[in-house]
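Take any residue in the sequence shown, note its place counting from 1, add 28, and you have its number in this note's numbering.
Treat the hints as calculated values from the structure; they're not laboratory data.
Computed from a predicted model, the values in this text were never measured in an experiment.
Ideal Cβ positions, reconstructed from N, Cα and C, are used throughout, including at glycine.
Certain hints may be false.
Cβ pair distances, simulated, as ranges [to be verified]:
# : residue 1 : residue 2 : range
1 : 59        : 188       : 21 to 27 Å
2 : 192       : 249       : 18 to 24 Å
3 : 40        : 80        : 21 to 27 Å
4 : 73        : 120       : 42 to 48 Å
5 : 63        : 358       : 48 to 54 Å
6 : 169       : 367       : 41 to 47 Å
7 : 235       : 290       : 43 to 49 Å
8 : 59        : 135       : 30 to 36 Å
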Amino acid sequence: MLDELDALHQNQTWTLVPRESHMSVVGSKWAFKTKLKANGTLDRLKARLVAKGYHQVDGIDYIETFSPVIKPGSNSKLLTNFITLLHSEFSMKDLGPVHHFLGIEVQRSTNTLHLSKTHYAQTILDKAQMLDCKPMTTPMESKTKGLHDDTPLSDPTFYSSLVGALQYLTLTRPDLSFSVNYVSQFMQSLTIASMKMVRRILRYVKGSITLGLHLTGDTTLDLFPFFDADWAGCPTTRRSTIGYCTFLGRNIISWCANKQSTISRSSTEAEYRAMANTVEELTWLTFFLRDLRVPQSCPPILFCDNLSALHMTINPVFHARSKHIELDYHFVCERVLMGLLITRHVSSISQFADIFTKPLCKAALCYFRSKLCLQPRHNLREDIKKDYKEADQFKDVIPNYENNSRDCMDTQIISK
């Protein structure tokens, strides 16, 4: 408590003002927390002096509130540029190169980073009492069936808690995005069957607990987004599921899997709406990289496996059957015509975003997650060899992408 008071005085975080008769003074209280190390042992005891904001009235005591937090996609370079300035203004403790950040474990080697959440995943399994469960090789059955057991779940709060924890785990596990998004759709009508699906995901986490993002510095800094969509995949609403992922060179930096908010009347419409969502994310990433002064040698190359949707980006003729997606159409076409985006066709078997739109078999899942930069920790290389062995059937039909040529789709863009 004394350390907290000393820090408040030293950093001059408050200003004394005279109290007027009409003012309602907000009280304060102490909040205590035990800070733990990454291995779960005690690090230190933390005390914070906080205002009792719950006594304030919206529109009277305050108008708007915000919390300045870092977006997960932010680049650590941006923070490094401010270290010297912050040290000159505030009393800070430099902990050196990051090893743990908000539950993310960072393992460094020559020119690479490995980001994982092994300890966090273990806490989820412990919470679900599944530390000793039998592992699974996939998070969902490749052919998802309907929920047969419609018995209401007795503890919906526990279900929501597990799914929320799994959502946070997807920050370093894009292979979980589709399955976690799928079980999130049952929040309003939880059943025994939906809980079984969550437990299936946890058993997959158990079997792949050391997986994390493997990022390398030996790559280009150009953007290569992939996107995909199923068509009317939801059996109840007939809405389509879209998914996309964006690579900065060979490193995946952004991904998403969610259900469309509207019903698509054709597979082309579903794909084009997914394309518009991807371009929206891509536009933000482009401006973000520009702010960081990250050079781009060519416009982003967007990979699509639907020829009809691809033709719409360059075809000036707008058909009556497509007029209801006019805004998405003009949004994408404008960027293509301005030279801010290049679209290329890719075969369905090479569409990396396929993992975000449907459950996959074991071999396909192993292959695509390796292409999404997912690897075990560096001291577990045998698991990597195992993944490639299981996905060996794909080696002759799925090309490796490496050369970032802007004119030839047959070139290799993302590769091991």
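**Request:** Determine which of the earlier numbered hints do not hold for this structure and return their numbers in increasing order.
**Result:** Result: hints 2, 4, 7 break, sorted rising.
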